[in-house]
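Chemist: Residues per chain are reported as follows:
Number of protein chains: 2
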Amino acid sequence: MNKLLFLFIALFFASTGRSQNSESSNSSGLILTRKGVEKIQANLGQAPLFDTTLQQVKKDVDKEMAGDIEVPIPKDLAGGYTHERHKKNYATAQKAGVLFKILEEEKYARYIKEMLMEYAKIYPNLPLHPAERSYARGKIFWQALNDSNWLVSMSQAYDSIYDYLTAEEREYLEKNLFYPYADFLSEENPKFFNRIHNHSTWGNAAVGMIGLVMDDDELVNRALYGLEDAKIDKDARDNDGGLIQQPGQDAGFLANINEAFSPSGYYTEGPYYQRYAMYPFMLFAKALENKRPELDIFDYKNGVLIKSVYALLNLTDADGEFFPLNDAQKGMSYLTQSVVMAVDAAYLYGEEDPSLLAVAEDQGRVTLDDAGMAVALGLANNEQQEFIKKSIELTDGAKGNKGGVAILRSKDYNRLYSLVMKYTSQGDSHGHYDKLSFSFYDDGEEVIQDYGFARFVNIEPKNGGGYLKENTTWAKQSIAHNTLIKNETSHFEGDFDTGSKYHSEKYFSDFSRPEVQIISAKEKNAYPGTEMHRTMVLMQNDIFRNPVVLDIFRVDGEVSSQYDLPFYYFGQLIDTNLEYETSERLEKLGAKNGYQHLWKEAEGVSEGENLKFTWANNNKFYTISQVTQEEDSIILARLGATDPEFNLRRDPVLLTRKKEVENAIFATVIEPHGSYNPVTELGNNSYSQIKKLEVVLDNEEYTGVKITGYNEKQVLIILSNQNNSPDLEHRVRINEEEFSWEGPYTLIEK
Amino acid sequence: MNKLLFLFIALFFASTGRSQNSESSNSSGLILTRKGVEKIQANLGQAPLFDTTLQQVKKDVDKEMAGDIEVPIPKDLAGGYTHERHKKNYATAQKAGVLFKILEEEKYARYIKEMLMEYAKIYPNLPLHPAERSYARGKIFWQALNDSNWLVSMSQAYDSIYDYLTAEEREYLEKNLFYPYADFLSEENPKFFNRIHNHSTWGNAAVGMIGLVMDDDELVNRALYGLEDAKIDKDARDNDGGLIQQPGQDAGFLANINEAFSPSGYYTEGPYYQRYAMYPFMLFAKALENKRPELDIFDYKNGVLIKSVYALLNLTDADGEFFPLNDAQKGMSYLTQSVVMAVDAAYLYGEEDPSLLAVAEDQGRVTLDDAGMAVALGLANNEQQEFIKKSIELTDGAKGNKGGVAILRSKDYNRLYSLVMKYTSQGDSHGHYDKLSFSFYDDGEEVIQDYGFARFVNIEPKNGGGYLKENTTWAKQSIAHNTLIKNETSHFEGDFDTGSKYHSEKYFSDFSRPEVQIISAKEKNAYPGTEMHRTMVLMQNDIFRNPVVLDIFRVDGEVSSQYDLPFYYFGQLIDTNLEYETSERLEKLGAKNGYQHLWKEAEGVSEGENLKFTWANNNKFYTISQVTQEEDSIILARLGATDPEFNLRRDPVLLTRKKEVENAIFATVIEPHGSYNPVTELGNNSYSQIKKLEVVLDNEEYTGVKITGYNEKQVLIILSNQNNSPDLEHRVRINEEEFSWEGPYTLIEK
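Sequence lines, in order, name chains A and B. Mind the numbering: the first sequence is residues 15 to 764 in this note's numbering, read in order. Mind the numbering: the second sequence is residues 15 to 764 in this note's numbering, read in order.
These aren't lab readings, by the way, just hints derived from the structure by calculation.
Since the list can't tell identical chains apart, any single copy or any two copies may satisfy a pair.
Keeping only pairs whose Cα atoms sit at most 30 angstroms apart, straight-line, the calculated DSSO-like set for lysine-lysine is:
| id | residue 1 | residue 2 |
| --- | --- | --- |
| 1 | Lys483 | Lys634 |
| 2 | Lys500 | Lys606 |
| 3 | Lys634 | Lys73 |
| 4 | Lys634 | Lys102 |
| 5 | Lys634 | Lys344 |
| 6 | Lys626 | Lys89 |
| 7 | Lys727 | Lys102 |
| 8 | Lys77 | Lys425 |
| 9 | Lys89 | Lys101 |
| 10 | Lys101 | Lys705 |
| 11 | Lys705 | Lys102 |
| 12 | Lys483 | Lys602 |
| 13 | Lys89 | Lys705 |
| 14 | Lys626 | Lys101 |
| 15 | Lys403 | Lys413 |
| 16 | Lys727 | Lys89 |
| 17 | Lys77 | Lys634 |
| 18 | Lys425 | Lys72 |
| 19 | Lys626 | Lys483 |
| 20 | Lys89 | Lys706 |
| 21 | Lys72 | Lys634 |
| 22 | Lys483 | Lys614 |
| 23 | Lys102 | Lys189 |
| 24 | Lys53 | Lys121 |
| 25 | Lys425 | Lys73 |
Use the sequences and the hints to build the structure in full.
Modeler: Rendered as structure tokens:
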């Protein structure tokens, strides 16, 4: 192409509708900058992780390009043919663009051009996708969310070949494809585009990124600040029942950053959706940093985007799998592509933290851009340092004042034990009714599990891969979690609007001593008139072989009620001192609020002794010891009732039920204590080390719990229930012995 | 010690009660020979696997020796303190003996001597172990079996320090400990010692090995040929209900070799007990080869001991875990110590097969003796070759004429699919009522499982680690297996004596074509008057993405009956075309014969179409396609009913039931076809490739089954039901098309 002609045409277009400061040739690059390309080309062969990723991507793209380009008329749901084909298309086009920039082989540019031309051919006449299940239907896909994914990738692909195309080709594509596409996602779908929600972040990024490529400030501003005059019914809801818009809420990318992340980087929907939302947040941020550096996007809100990467990495177990808080798929981990991108970006645009290199090494690939090359070079120079997962608190809420999540960690014989306690706000439409719930991990294995969601993502035979009705009837309900349920009713009566008004409150925490870490929180709104107060301690102590969890759950109500506290263990019962009866036929545990999904396998009534319940899972032994009162019911139940499509796992639960009481205290120890080897057939330490667990004091002011080991060692913890001031002095007498201390708790070991 | 005095004493003892050809100084060595020691010492530092094993053993022994020697008065069952202490003692003493020979550090000899002296102090006054549950109680342990384990190890320990001890010390030990110990295990326990059973093999080896050390031919002969005049009640039974002695049976080590192994090396109790029995067989054989080379023990019965090692290695899945035929613990693998020993011995005393080196490498350690050094040197020289698991048939029965086991294998994309079909004899007291049952493996994962046993070995809280009553009521019953059950009654009505009289018969097999491997067998005695005929094909074909199993099960009865065919899958239902109803409460599937342990979760009635049942396990998709007739019941059930101690896993089953028929045919395809990745959230091939499965012909003479794929390709198999001659010509007409072939089957692909 004649360069002069090109320049002329470019200038012509630049002068019509484009902002004045734009570079006509688009050469600064959206994600992969010109400087980045130069650095990459100079370092090829020097940074193994970059090279292997590049080779892998080239292999994938070349294989895909060996076939014909297919742009079918949209028809299928997730998992179906047209859905998967269009996903493959945008993913391949984006990668081909990277290859074109780095390797400068024209075939990649030609491939992208041909594909985009095919899309431009069909797009103007495409109706809405025929599937009607989404509140915001797409055109290429069944939901606008997937259409946004498409545009985020295709913006990059288009950016890569921008200079390769003729002005006429660009005009054709922009007029027939990109402008109408961007308008469809925004102006024509305000309910989708103008929310505080991960869907909108995708939409914002899509519109903003194509705006940056086309250097159209109007589109970029639409993305950053939302639609100005969106007409949205104030009661409009999405498919999950979430309210589309809170009154007076801002919209757009910056508002989503403001609202979605707490100052500590926690994303209110939880880590599973955070890792998904990270992609548009970080990618659009990278594009803005490259094309609109004056925005200083990575410093926005005290650098919360970089902080959010650390929050996300800390929300994983020892294997890097995310804790399945709220709606979440188990097994999703920081190995996923969006987190690869986030980690590489946090490295380059943050402080080049060498501990991020260790995560990148574990991920085994990098992004093929400036950030990925920086990471790969860091690794090539052996600069990585261990990413140490420490005990942390992550606040929830845009201002950090809506409760939070605490992760307590304890390392022992190279195993990392993690206790996750949740005292957040509702978590938007993906939130569960799980106030003060927790889960507990033994390295990469769940000891006490959070169920996650009821959904088989992208497995078409299971409801097209979408949420199952059991997500509402089971997974979101309180009984599906390791927390207190009053009168077989979920928190906030399972009402989303009510739940969204409130959040739990941290009472106190202390992570200063590695052998005794403690988190305490209260919830006063889940059941009006009833205060729930849970204190959890992760401790190492001479009594025990491994770190254990001490759980003290107080409930203070006004009227006589039934209180259930379930523990969702995995595996098989090995031993218990409970005298229980099993059934000749299995009945459901209840009629509604999730109880209808549990079969009651056995029930026993306490005689007021400690309950001991030992189970084995993955060849390890665990015991729950619990203080019980006479007439407490102990129920062994199993999931799977009222499940006509076999959508639920058949997981077991141990549940303690106190009937007709106003107040109650549950004191429980969860104790990992032994292991078994099926090859040597040797079991060690199949018994609990706890001789006795006692509530030695419990009144409005103070609660004292004492553990006595078989080695006669003791540990006593006393909590101040009403005042969490770190300075207040306390003095109590227990069995003739006097204790005094400062602050909300004391712990005495003997 | 004065050498002359030593010689004098040695000669004195040699002349009193010892055979004339004995070497006074015992220097030839029982397991670790003098030549072996020299070779080891010369090669230390040259054979890494030997060196690391030696270091590990030294570390273990030194750690153990840092504490005091404890020889407590026996009291506990398996898993309890005294049990584990005595186990630790003999294991440590044996290892210390090896270290003394190789490293020549006196502390090891002193340690063994002191320990043996402690045992010699208590043994003369020891009563029977207080636990009364064994048919053959021990003194150190609750069963004589464990006492034998002790003596097998202690014989080696004693051998190691034989020359280190004074003659007086030896006399003291032999008189107070070893002679009474050997007599207790043999003459005082004929029911234990004189059986054809792995217990007796241990007893024989124990008595024989101490006999070899003490060079006492009488003891050695007692071990080799059994007690001459054993008085055993002919109806005596062991704890498992097994008959102690069949009429006219020989006894002793050689008789056990004769009877226990088929000519192909299959051990009738199955691989789990084989790997256990291997230890005394191989160890005593090694001792005999060293001390009584004239016996040529490794050539005995055409070298069956070496063959048995190959049989055992072939009875494993892709991870080296044993197929859990009969009573068996899952997870037990060829990594276990007894198989390390067997493999090393098979290498040295067999043909130095380089493929055994690959197994040894996987095992990661060697025995610290002549055999282990030979293996370690082979590996140091990089002589190992892959141990290829091929399709094989292993005959059952001492003469190889009592049915057998076939393992069909197919490799695909680096995954090894294994189909295990069992048409053996009863399998002695550890046998299950599982005629013509099968299991199917996708690499190291069970697709269609064999339950194994109901037992938690060495986990004391579960019945002291012993067999659970559910082993009889569930695990042994026919309904616990993937085979046909008539009228809800187990094969042979679950009667051991009846079952022990019969065995299934192979009908034909053909492993000559890798893409179509076939095994066919018949069972005529499990239900008198009813003939069962199962043909299983492991095939790769253009229709399918992976190897599939075609299962054709014919049953030919005399009176109208109910026939059930279960498939024990793992994981969760994804999709089915079955119209079924689930229950508001769960009822048991039946009242007895194992049916009382199943909860009926759902039931549907066939309308005569193909049943399609797709499930996911470990992120893989599988489908069962089955030809059904109108009115067939399809039942989804789950284990766990009538299980008051939660001894059973909650595994699911798909069961097809034909009611009120005399004859029936079940034609089924088990099809692995896709996978899912929870990190990328991509599922591929979640649907079966089979469009239609048909029985196109079925009469007394012939059965024809046709599979049609969605790609319209077809495969048709025709079986001759009455004549398995390889030469006979057949000619049949199906839908106007004529087929002719030679031999028991033909397979046509279109």
